[in-house]
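Visitor: As a plain string of letters, each chain reads:
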Amino acid sequence: MTVFVLEQLLNGLQLGVTLFLLAAGLTLIFGIMGIINLAHGSLYMIGAYAAALVARETGSWLLAVPAGLLAAGAAGMLIEMVIMRRLYDRDHLDQVLATYGLILFCNELVTLLVGRQPMFVGIPPGLAGAIELIPGVPYSIYRLSIIGFGLALAVGLYLLIQKTRLGMLIRAGATNRDTVRALGVDIRLLYTLVFGLGALLAGFAGIMMGPLLSVQVGMGEQILIMTFVVVVVGGVGSIRGAFFGAIIVGIVDTMLRGFMPGWMRGIISDTAQADALSAGLSSMGVYLLMALVLLFRPQGLFPART
Amino acid sequence: MTRQNVSIVLIVVLGALLLAVPALAAALGNPALVGLATRVLIYAIAAASLNLVLGYGGMVSFGHAAFLGVGGYVVGILFHHFRFSEPLFGVIAGSDQLLVVLPAAVLITGILAAGIGALALRTSGVQFIMITLAFAQMLYFFFIALKTYGGDDGLVIRRRSALFDLDMRDDRTFFYVVLGFAVTFFAIYATVIRSRFGLLLGAIRQNESRVAAVGIAPYRYKLAAFVISGMGAGLAGALLANYQRFVSPDMLHWTKSGELMMMVILGGAGTLFGPLFGAAALISLETYLTQWTERWMLILGPVLILIVLFMRGGIAGLIDQLLRRLK
Amino acid sequence: MSTLLEVRGLVKRFGGLVATDHLNLDVRSGEIHALIGPNGAGKTTVINQLFGDFAPDEGDITFDGASLLGLPTPARVQRGLGRTFQITRLLPDFTALEHLLLAVQAHQGHCFRFFRPARSDPRLLSPAREALARVDLADRADIKVSALSHGERKELELAIALALHPKLLLLDEPMAGLGASETEGMVRLLESLRGEVTMLLVEHDMDAVFALADRITVLVYGKAIASGTSDEIQANPEVKIAYLGEGDA
Numbered sequence: 004m005t006v007f008v009l010e011q012l013l014n015g016l017q018l019g020v021t022l023f024l025l026a027a028g029l030t031l032i033f034g035i036m037g038i039i040n041l042a043h044g045s046l047y048m049i050g051a052y053a054a055a056l057v058a059r060e061t062g063s064w065l066l067a068v069p070a071g072l073l074a075a076g077a078a079g080m081l082i083e084m085v086i087m088r089r090l091y092d093r094d095h096l097d098q099v100l101a102t103y104g105l106i107l108f109c110n111e112l113v114t115l116l117v118g119r120q121p122m123f124v125g126i127p128p129g130l131a132g133a134i135e136l137i138p139g140v141p142y143s144i145y146r147l148s149i150i151g152f153g154l155a156l157a158v159g160l161y162l163l164i165q166k167t168r169l170g171m172l173i174r175a176g177a178t179n180r181d182t183v184r185a186l187g188v189d190i191r192l193l194y195t196l197v198f199g200l201g202a203l204l205a206g207f208a209g210i211m212m213g214p215l216l217s218v219q220v221g222m223g224e225q226i227l228i229m230t231f232v233v234v235v236v237g238g239v240g241s242i243r244g245a246f247f248g249a250i251i252v253g254i255v256d257t258m259l260r261g262f263m264p265g266w267m268r269g270i271i272s273d274t275a276q277a278d279a280l281s282a283g284l285s286s287m288g289v290y291l292l293m294a295l296v297l298l299f300r301p302q303g304l305f306p307a308r309t
Numbered sequence: 449m450t451r452q453n454v455s456i457v458l459i460v461v462l463g464a465l466l467l468a469v470p471a472l473a474a475a476l477g478n479p480a481l482v483g484l485a486t487r488v489l490i491y492a493i494a495a496a497s498l499n500l501v502l503g504y505g506g507m508v509s510f511g512h513a514a515f516l517g518v519g520g521y522v523v524g525i526l527f528h529h530f531r532f533s534e535p536l537f538g539v540i541a542g543s544d545q546l547l548v549v550l551p552a553a554v555l556i557t558g559i560l561a562a563g564i565g566a567l568a569l570r571t572s573g574v575q576f577i578m579i580t581l582a583f584a585q586m587l588y589f590f591f592i593a594l595k596t597y598g599g600d601d602g603l604v605i606r607r608r609s610a611l612f613d614l615d616m617r618d619d620r621t622f623f624y625v626v627l628g629f630a631v632t633f634f635a636i637y638a639t640v641i642r643s644r645f646g647l648l649l650g651a652i653r654q655n656e657s658r659v660a661a662v663g664i665a666p667y668r669y670k671l672a673a674f675v676i677s678g679m680g681a682g683l684a685g686a687l688l689a690n691y692q693r694f695v696s697p698d699m700l701h702w703t704k705s706g707e708l709m710m711m712v713i714l715g716g717a718g719t720l721f722g723p724l725f726g727a728a729a730l731i732s733l734e735t736y737l738t739q740w741t742e743r744w745m746l747i748l749g750p751v752l753i754l755i756v757l758f759m760r761g762g763i764a765g766l767i768d769q770l771l772r773r774l775k
Numbered sequence: 002m003s004t005l006l007e008v009r010g011l012v013k014r015f016g017g018l019v020a021t022d023h024l025n026l027d028v029r030s031g032e033i034h035a036l037i038g039p040n041g042a043g044k045t046t047v048i049n050q051l052f053g054d055f056a057p058d059e060g061d062i063t064f065d066g067a068s069l070l071g072l073p074t075p076a077r078v079q080r081g082l083g084r085t086f087q088i089t090r091l092l093p094d095f096t097a098l099e100h101l102l103l104a105v106q107a108h109q110g111h112c113f114r115f116f117r118p119a120r121s122d123p124r125l126l127s128p129a130r131e132a133l134a135r136v137d138l139a140d141r142a143d144i145k146v147s148a149l150s151h152g153e154r155k156e157l158e159l160a161i162a163l164a165l166h167p168k169l170l171l172l173d174e175p176m177a178g179l180g181a182s183e184t185e186g187m188v189r190l191l192e193s194l195r196g197e198v199t200m201l202l203v204e205h206d207m208d209a210v211f212a213l214a215d216r217i218t219v220l221v222y223g224k225a226i227a228s229g230t231s232d233e234i235q236a237n238p239e240v241k242i243a244y245l246g247e248g249d250a
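Protein chains in written order, with this note's numbering: chain H, 4 to 309; chain P, 449 to 775; chain A, 2 to 250.
It is worth saying that the hints were derived from the structure and are not from the lab.
Computed from a predicted structure; not experimentally measured.
Some clues are possibly wrong.
[Said to hold, decoys possible] If you anchor each label on the Cβ, the simulated ranges turn out as follows:
id, chain 1, residue 1, chain 2, residue 2, range
1, P, V461, H, L115, 36 to 46 angstroms
2, P, R743, A, K145, 41 to 51 angstroms
3, P, R743, H, P128, 51 to 61 angstroms
[What the hints assert, rightly or not] To spell it out: a stretch of chain P is covered by chain H in this simulated footprint if at least three of its residues, at any positions, have a beta carbon under 8 angstroms from a beta carbon of chain H; those stretches are:
id, stretch
4, 500-514
5, 585-593
6, 619-631
7, 683-696
8, 704-714
Every residue, glycine too, gets a C-beta built ideally from N, C-alpha and C.
All chains, please: the whole structure from these sequences, using the hints.
Guide: Next up, the structure:
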């Protein structure tokens, strides 16, 4: 039992750091540019596809990872320059709709280029296999390395934002856009860079998740909605909130999925019904969490300081 | 001609066109047109309902598909119990009567909207968008989990609900039934918008603190709008379930909420007939683009972006500008 | 004359800053009471606490015999408090008349009326037009707010407040940004309301204040340093040093 709990905890942590990579970009973009970007999941998908394609063609993850990052980052900056820029002064409704249109376009474009068949990519050879964390409890090296990469990136992001000039501008921009303008900074360039940074993080999340899930059209939206849950639970515009929100959401979701079937089978005798019910109920869990947080802490658990 | 006269002429022309749809379809040798028009009318009801909160009240609900879907499921579930003659919870008998299932759908979605709205309206802005989305997602997964009613696969409704002795299986008859509901709905909707309540709703959209300063606490009026809106979407869902004789969790999916929003914006948010135009445009676009290419989203996506970026006011705004030029 | 508004020991702190410092203030029924003070004296902060925009940290506000503490803005308005805003808060898509329709329907009670058209309802229209005429905006009724001049917007704000028939009207710098002739018009308008409605007037234009006010309270750094008639205030040496002596802000 404890072994199972530990495993689920690690799986939750792994989902959590992945969600963080997406949520960090989303919350930064919202905090600084005031944009709700539904198409953030598309950047995750683009990263996953580019890496999977290169890995399949060349067999080399050393090429696949940069390819995925490049594709996601470039797509992000392109989207910012062509579309997002015109949405900064618009209301949320316009932003939601335009980026919704962008999702439709991206999904269809990927289908056109790669086809509707899901792609399965293997785990990079160096990271395959399992390691015994505690004697007798093997755990996937790949999942562990995702946790490692994710935490490392979280630290890197923290240092970038707290210690560098770009980070200073990002922090200033998140609380007061006019201040940054007054500093004589090219705000357009800053916005493009921030968007590109968000896209890189999303792309990296996509690359890492590729070997765990099947790479397919629509993968972006599934995780996007959960990412929104993270952002809202953590506090819109707050990186710290995105981190803790992601870990909480990741663990809650994984735990529910892990334990709900057992509980349900205890209550309902029909196994198929119990499984269906537990699948539905555990999917509802994070949304319930978000609704509760919004009702009691409308600004989220770790609101951005203003 | 005054503007009011122009509007009356337009409404008469629109009405005549709608009445003539089955005849037109027969004349053109295109019977599918009737089904298309039916779907347009049903979605127009749903989009207009959303427009009440989104366009007039300024509440960006990203979860209205939940009401559409629940309205549909009420019809499906009542029919299911009617067919197997086993009462729901042992007490509520099923039904296949349109005049029973539609009011039931409207009532239940109204209660649901009151619950969701009472909680969601404590937030605003992005948080409101997200919490409405969250509630809709919960319901979506709830219906997936409900294996009794088909779960993931949905629920087939073998026969359309009965209304008097009409042959509801005939698509033309069903079209006229839907048209009747749509006309009644739009008449009520137009009245509500012009009423004191409608005026207040418009003020709430623009500045809540101004409304508070004249001594009105906006919350309960926003909630009332949200409930009315949910009921309208529930009515549309019940009609849609009847039309397609099928309900599934897809009706509650968040992309469906997105589509409803798209119809409102495309047609013109905060205008009376905008949602009808938006529903007509989107559904026709979908139908004809699908026939032409499987990759219709490749066109629809950019079209949507261009509309948001460059065509403020939607189709209704465009018509308004044209009329102004005519004068 | 009875006291309509009684403020006792009001304190509001923003972080380390004391914006309102143990303020006592009495406004008598029927008077025009001016609240003056240099920029940053905390005049709008007082108005905001009276109107319920934020809660004071200490003290009490009694209006018409009952405490206002804890009541949200709409409830205060229903008890007879009206207000104009320093920076006008109007509805960009509405015409001048529509603002008044809103105010009149708010005054008449609840707005759960779904069927009778509001814009052609004589029970709304005639009081609405009357209120517009009162501020000389009758011929601007169908103009959208975005097309109104700054002065007209200020007048519209006043008309909205009047349509609610307040017992006490809080006027937050009604002359700010007005030209000389517009200011004159506003002074005449407020003068015409004397006796009909009690006013608490925050204003920088000293000529207007001395022309209108029955009594004046001088606020400096959130503290009331003097209170009295125009003549008393003009003669008060402390006020001269603290406020008038520093030149017109």
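Visitor: Taking the numbered hints from earlier one at a time, note which ones the structure violates and give those numbers from smallest to largest.
Guide: 3, 6, 7
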